[in-house]
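Residues per chain are reported as follows:
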Amino acid sequence: MKEPRMSSQTVRLMEAFVSDPESWRYGYDLSRETGLMSGTLYPLLIRLTKHRLLESQWVTTQQGTPPRHVYRLTAKGVKFAAEKLKEASRATSRRPAFTKGHA
Amino acid sequence: MSDSLVHKMARFLLRLTLHISPAGMKDWGRAMLSELDYVENPRAAMRWAIGCSCALAWASIREAVMGRKPLLPAALSVGAVVLLLLVPGFRQGLNASITSWELAMFSSRGPQVKWPDSRLRALALEAEERKDGKALAFVAARLTDTKASVRIARQAVALDSSLTWVYYVLALRNPALSEMQFFATKLREWDPENAASYLVVAHSLDSGALFEQGPLGLMRKPPTGEWIAAMEAATKATRFDDYLRLQIDSDRDVVQRYGIWDPLLFIKGYKPGPRFIGDIQGDVRNYSRASGTLQPADRGLLRYLQEHGVPESWRRPTPSVSFVQIGSLLMAGSVLLLVIGTVWRRRVVALGLTGAVCLIVSATILYAAYLPYARSFYRLVTEGDLSEFESVRSFHTYGFLPGPGMRNPLLMESVRTAAIILISVSWITHMVLWFVARSSRRA
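Taken in order, these protein sequences are the chains called A and B. The opening position of the first sequence corresponds to residue 1 in this note's numbering, with each subsequent residue numbered one higher. The opening position of the second sequence corresponds to residue 1001 in this note's numbering, with each subsequent residue numbered one higher.
Treat each hint with caution, since some may be false.
Mimicking DSBU-like on lysine-lysine, the simulated pairs with C-alpha atoms at most 30 angstroms apart in a straight line are [claimed, not checked]:
no. : chain 1 : residue 1 : chain 2 : residue 2
1   : B       : K1131     : B       : K1271
2   : B       : K1236     : B       : K1271
3   : A       : K86       : A       : K50
4   : A       : K50       : B       : K1026
5   : A       : K76       : B       : K1026
6   : B       : K1131     : B       : K1268
If you're looking for bench data, these hints aren't it; they were derived computationally from the structure. This one's a predicted model, so the numbers in the text were calculated from it and none came from an experiment.
Same shape as in the complex, but just chain A (with noise of 0.2 angstroms):
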């Protein structure tokens, strides 16, 4: 399968899941903490899993409550998380002095 395309969005979810890559994380945690609206988070989510680049399972909170589903990154995630992470940051820092907000 290929790889996911990295779009800003993309960047953003990584980061948010590499920031802390052994918890478990909400849905509604992720879409507040990266500003993703909900329309586009869970394509990204279904998509990583489909990638074997995310981890989820339905979780039970509290007594009584339907049970959450979290996400995390899986072995094979964190690896990729690293690696387009740090091409991200290398094409941000090469960006020709003259594009907007740099000049």
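Given the coordinates of chain A, work out where chain B should sit on it, guided by the hints.
This is chain B only, laid out in the frame that chain A set:
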């Protein structure tokens, strides 16, 4: 977990989308729904639900169309058309549309050639067995085979003399009949005060000998004494009845008893009204020119012409007629695309989807465009309202493709329109699928 109205609406929206999403997306949908309970702000909850619904819907569309033959849309569209076929109005509209194409494409001599005589013959056999004069008159007024129609008309009148008007209908339809004098005599005996029996004789003499080949082409012949005598008798008659009311009432009875709910077959038994009035007006004008005399205008035939006024010109086809005619053509094209798209390879999935969409749309348009005429026909048969008769007649005579032949401009325009619609929709569908495929590849 908040229970505000907005939260409830957001939950309802997301549950609804989850309900219609494919099995592969259900788990994700439930994940989105469970997170909604933790969004405290009502506006944020609604935004969350809308965003998730869009994501689910988009994923559902992608899963439904990518890499699959469009079997489900094809089955749905064919099923919808089969259901529509159960509706009499749709069947009538489709029949009218297909018949107009048959006439245009396969008939070289005009509408008389391609009419369902076999169906009429079967009805005649049944009517003979039942000794049903009205049904025999119905057949006689419509059969293309003149000899058979004369024989059946005589049978009908022998069974029921009140059906003698059928001779008038036959005489008008076939001016060259050898039985013309017999018909005229019988009509005169049955209805002596009516100008109709004289008029059919004049009409038969007129139509056969009006023009002759002259040195500069066709020349109008001077009227014969026989024609002048017939017209004189017609204009002297105290009344004129074209037997339309009698014929319609008899035909309505036959349609209801035998279940022949076919407006095309029904209308075939009637001479187009405005053209007929125009013919009589022409005859009267020629008579006054030839004889120099005319009866007072309060007499039967002249009063009839005064009351019916100037004949209408041939009506331009209304947009609904065009929709009915293009409808069946589009349906045929859609079925072709549907077959290619579902039977052939996955690469032509756009054609299959186009076929499915266009099949439903064209069938619906055809039905909607024909519906007013189907209703008019139903009211005409059940209630006998003559104003409904004009509506049905004008659609099935003036509205039809005028004249046969592949060079017919209206026919070519219809074919071109149908082709443009199908190609455009195919292209749009192809572009949508390309966009979906591209977004999938990016993933």
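Hints versus structure:
Proposed proximity of B:K1131 and B:K1271 is supported: the alpha carbons are some 27 angstroms apart, at most 30 angstroms. For the proposed pair B:K1236 and B:K1271, the alpha carbon gap of about 24 angstroms is at most 30 angstroms, so the pair holds. Between A:K86 and A:K50 the CA atoms are separated by roughly 23 angstroms; this keeps the pair inside 30 angstroms, and the hint holds. Restraint check for A:K50 and B:K1026: satisfied, since their Cα atoms lie roughly 15 angstroms apart, inside the 30 angstroms limit.
A hinted pair counts as satisfied when its Cα atoms are at most 30 angstroms apart, and A:K76 with B:K1026 qualifies at roughly 26 angstroms. Using a Cα cut-off of 30 angstroms, the hinted pair B:K1131 and B:K1268 holds, with the two alpha carbons roughly 23 angstroms apart.
Figure legend: structure checked against the earlier numbered hints; every hint is met.
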